[in-house]
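Undergrad: In order, the protein sequences belong to chains A and B.
Those letters in the first sequence? Residues 47 to 380, by the working numbering.
Those letters in the second sequence? Residues 27 to 1218, by the working numbering.
Treat the hints with caution; some may be incorrect.
Unchecked claim - Quick list of in silico lysine-lysine cross-link-like pairs, DSBU-like style, CA-CA up to 35 angstroms:
no. : chain 1 : residue 1 : chain 2 : residue 2
1   : B       : K389      : B       : K415
2   : A       : K142      : B       : K415
3   : B       : K621      : A       : K208
Treat the hints as calculated values from the structure; they're not laboratory data.
No experiment lies behind these values; they were computed from the predicted model shown.
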Amino acid sequence: MTDLSTTYLGLKLKNPMVASASPLSKKVENVKQLEDAGIGAVVMYSLFEEQITHESNALDYFLNRGSESYAEAMTYFPEMESYNIGPDSYLNLVSKIKEAVDIPVIGSLNGVSTGGWIEYAKKIEQAGADALELNIYYIPTDVKMLSKELEDAQVELVANVKRQLSIPLAVKLSPYYTALPAFAKRLSNAGVDGLVLFNRFYQPDIDTETLEVIPNLVLSDSNDLRLPLRWVAILYGKIKADLALTSGVHNEIDVLKAMMAGANVVEITSEFLANGIGRTTEILHGMEEWMKEYEYKSVSQMRGSMSHKSVAEPAAFERANYMKALQSFDNKVL
Amino acid sequence: MSNIITIDANEAVARVAYRLNEVIAIYPITPSSGMGEFSDAWSAQQLKNIWGTVPLVAEMQSEGGAAGAVHGALQTGSLTTTFTASQGLLLMIPNMFKIAGELTPTVFHVSARTIAAHALSIYGDHSDIMAVRSTGFALLGSRSVQEAHDFALISTAASLKSRIPFVHFFDGFRTSHEVNKIRELTEDDMRAMIDYDTIVAHRNRSLNPERPVIRGTAQNPDVFFQARETVNQYYNDCPATVQEAMDAFAKLTGRHYHLFDYFGAPDADRVVIVMGSGAETVEETAKKLIANGEKIGVITVHLYRPFSVEHLMKALPATVKSIAVLDRTKEPGAVGEPLLGDVISGLYEGKALGLAPFSDLPKVIGGRYGLSSKEFTPAMAKAIFDELKKDNPKNHFTIGINDDLTHTSLEYDHTFSIFNPNSTRCVFFGLGADGTVGANKNSIKIIGEETDYGAQGFFYYDSKKSGSITISHLRFGPDEIRAPYLIGVGEANFVACHQFNFLEKIDVLKYAEVGAVFLLNATYKHDEVWNQLPVEVQKQIIKKKLKFYTIDANEVAEKTGMGNRINTIMQTCFFAISGVLPREEAIAEIKKSIKKTYGKRGDAVVKRNFEAVDHTLANLHVVNYAENASSALKLRPAMASEAPDFVRNVLGPMVVYEGDGVPVSALPHDGTFPTATSQWEKRNISMDIPVWDPDVCIQCGKCVFVCPHAVIRMKVYDGQLLDDAPETFKSIDAKFKGVPGDKYTIQVAPEDCTGCALCVEACPAKNKTQAGLKAINMASQPPIRETERENWNYFLSIPDIERAEIETTTVKNSQLLRPLFEFSGACAGCGETPYIKLLSQLFGDRTIVANATGCSSIYGGNLPTTPWAVNSKGRGPAWSNSLFEDNAEFGLGMRLTVDRQTEFAKELLQSLSDQIGAELVTEILYADQTTDAGIDAQRDRVAILKQKLSVMQDPKAKHLLSVADFLVKKTVWIIGGDGWAYDIGYGGLDHVLASGRNINVLVLDTEVYSNTGGQASKATPRAAVAKFAANGKPLPKKDLGMIAMAYGYVYVAKVAMGANDAQTLKAFKEAEAFEGPSIIIAYSHCIAHGIDMQKGLEQQKLAVQSGVWPIYRYNPDFIANGKNPLIIDSKDPSISVQEYAYNETRYRMLLQSDEARAEKLMVEAKNDVSKRWELYKQMAKIEYKATNGDSA
């Protein structure tokens, strides 16, 4: 019997497949289907503090607009008894999902202000989440902003949140750090239970017809696995925090690679969005088949087996990788 | 225990009416809409009435419909009510006779409003009430917010008991919108007042198949009369029933009212009799005068119908020698106004019956006051008492105006006032969008409900929908505030001006008393602001020794994320300076009230407002000013100096809030005004205006096409004209085919722009080196105001392109035509006005417009200045507004005239052929007027004809001269909103479309009643929230286009200029060319959609792309040729309905308040869209057989 189980953030998972934060978790029935399909855990879609603030301000703006300025129309909208502005609907959903499934449910939070992070993190914990994933991203556009300032602020913020929580805390990072291992270590030392590598940003595109910048999010494919794979492999065994690999996981081979690099779990979205929740079962089956064929007994057995510190040629994860590619290119020309 | 609450009368009445009824049929009309809105919102929230059930609130298609529904609900035994005013009440009259004739208890709550005569007015008087005095309804009048609250209950109790239906009325705006501190009636009070047996009796009289009766028979001369007399005893008993109810009410609440309430000296020899809020003014004035030893009194008429002579006699003092009866209405041609007539009859009858307390009949005079909410002040009340002292007092007088024409007006001492010096009297000038009124309402609540002080607020709004000015009048004091009139000149001890540039035009400080506080929001530093004031303002500050404070509230707002909302900042300043409450306590209360007001909109909003409060005081400064006024700046004139005399002298004062001083002789007698007056106002309301970059421009004309205010224009002209151009005037080579001229300019009217930036949104040309810039970019107005003004004036001097000179089938060319609709008071970014402007460009010089009441009649026809304009030859649209409900018929009448007079002219022409000359006659009779060139040629012929006719003696020639203009093709456009076309005017519209006559209808479809604040119409789409559809509209939008297409001979087009401007242009031209009825339904984005108005065009595009608003043209002319008449100009839906809808607050707010319902309605809305789209596609595929012998 092949053992697919793993641990992540101190939680025991029946397998390393985790549904990452996506619109799928906006409905209880989707999460239930994921569970039925065999998923190990689910990360809720993100509660965006920025969006809550924006919705609140926008509602206020549009309800005020034009009001009390013209005698025949004091207002333009009826006054509703309440507006679900704020985290309440998200928190209710966390509770409902927790009631509906047995797998671990990990909350996800995208915050902007220190007060907001802590306030919403505590609320998600109170709503019953088994763990929390913080999505900290910042696109620095200010030429005066130094990387150290940015990293110090993020470490402090994470530490603050960690102090307020009793559930485990994961942090989802962007790949754009000058010295990622050092920063990862700082976060780990600050008490973070896991790191999720990496966040996929909306990458703006340019429309040459309209000369407009278009927000664009394309679904990942297996090629996108390379980036997180390298960094998981590099970080494995060097920090205390668990590692979750996300971006580019589409099939059983991708999952196995992630495990070999050292991930505790993989987080998947694009594959489910493109080909349905049922892919969970197929991938798990594929993993089992592969592991049987290659005689792996458990996921823990292979975990980290191809990490930076475990491979025969660690330089393959370093600059030499590039050099080698160049060489093979030259050979081709010749 | 009753609560103290601080509310306006609409809410005070609704709180009672809602709790006492089971069925409420409503229809929006100013100023009563608030009562319906409250009721609908409470019903949506499942608030129960005192019988433990949730009243059913139904919006009807008109007030006539509401009255019909009320009648039906009453007949079947429901406790039923409605709310209305003015024309709405008139539409209820037929049912009111029926309801009264059938002795059916109900109360119609009416915020009394002026009936339109020479002009419409939304303001208050008793002309509507007086118009229903013969219906058999009892008429019970309140004079204050408290009374309106109380009488809502008393009238209901009395109606159930007496079986007489009641109109309970109170003064529109003055009372309906006055915020005052009142004692709230409890539900126990209400239960105690309503005799349950009377309800059971009402239900037992209802129609019920278990015990059937027939009611509403037709009767013949034999018995109708006798049957009509059967009700007499009910009317005889009614006054006593009302008094009993008032007595019972007094026992419950301590507030004792009478049918006629007398206040004054027991031995008064002069008495004023008056009804409504004016009575409170007279009473308060009398109080003051009696204290000075005058023997006077005042009778407030509460129960006007049935008119009880007995109770009037009891109320009058025996010593009375002379009486003045005041009517807030005008009945031209009558011996006197109605109340005067009733009082005189009553006095004679009372004396004849031996009921009179006096032996000699007193002298009685009557007078008119307060029409259309004209101010009625203590000074005016005093003048009336003074008049009564005279041996020959003036009868049929007017007060409050200067009637220098027929000399009816009484003089009064403008300086007389009665205010309590211990009170605080504040006047605030705010900009419509800045939240001043809301903050002031809050302040009144804080003071009213947190202190023992009396508190009152009244708010004046101008009639513009963009850049409007609000004036708030707030009074606080140790006593109850009974002052239903504005704070007068020199009476305010606190004046605040929340917008610096008001000081440049309006005499803000005239309200300030000596030593008053003056608070100014200015962007200047406190040590600089003095020198920025006009010298006239400086002089007043010095003369009145004002304590002058300033703050840059906009900066504080900006820093704290408040945007243009300076409300809480200025409110904090007010409390900090005025000392009405201790500062710390005041700030705590402001925060409490912010939490209460904005809490449900989210923490972010609350935090932002808190921050604004916290940052205010550090930015509030005292201004130490000089002893001499030395500013070089002067007040700007109200109107441009080159404006015609009438505009400067008559309209000018109105613009600067001095219209009360315009004498009767200055005004037109029949409501007829010159057009093209908005060009002189120069409102300067936007800090940012568009600036043209010729290097980037592709000369497409889209910016000009979409401009709602016609402030951005383009011309092609002869380059030689540039010789005299101002230095900064921009010009490039023209890229137009077949257009005379080699140079091209886009010019902005800098002082008329509202800054909506729709032009920037519409501009497709982007700067190649900096893509963020376009060919039109917004820039700060003040630095370029002067140069652009000069450029604008120069631009105007360049000759316009004549329509006949160019082909106008392209958007680009069409925009070379001069708009004859400009600078209206519509909202910045309005989605309606670009269509009207286009119409005026294409056909304006030969158009007669019938305009339904609504937004378009307000921005199109509300004084002081109006936007319909004239071309260089003095021709332009002739415009009129009849009513809301009859616009299609009104327009058809115009068409009938055009048709009849044209025919008559032709007949006369033929009969005078010998004298005129056969050649000219033939040319005129058979002229081809299908093109602009043809019309121009006909104009030339008619000019020759008129010249010939003017010297002919034949009477027929005089006839022909008077109708000869009809020989030039005219077009009739019937314009209105969806409230008119889909609801109240639909029956007429249907008939007019069916008539086959050559009329053109433009429906400006905003999908709600925009003008009255966004109530649902049948055009409101499913899933959208609107007032009267607070839970989201559960049913789909009526397909007016489909209904019109069903006739088969009506041209129908559905357009959205933001999605396809060329299709819009084509539709307008086709509709006008079609020799029969045409209707264009135009998507009009609106402030009531809750969108960023700058993105209005984008929303139009999304509406079309999602299939929510399919655009098409249905041209019956195609049928004869065997072609399908329906051309769908939309493509298959390419985005989801949500992608369109959830950009708009009207849809989003349902998602936020009730997600499950929103999702359910959205699924249904998507089905609506797809079903309709499939249906249209099938319709467009139907094969038609040619009926004219041609094959397709």
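Undergrad: The structure should be examined with respect to each hint, and the outcome stated for every one.
TA: Here is how each hint holds up against the structure:
A C-alpha spacing of about 11 angstroms is found between B/K389 and B/K415, which places the hinted pair at or below 35 angstroms, so the restraint holds. A distance of roughly 81 angstroms separates the Cα atoms of A/K142 and B/K415; the hinted pair therefore is violated under the 35 angstroms criterion. Restraint check for B/K621 and A/K208: the C-alpha separation of about 31 angstroms stays at or below 35 angstroms, so the hint holds.
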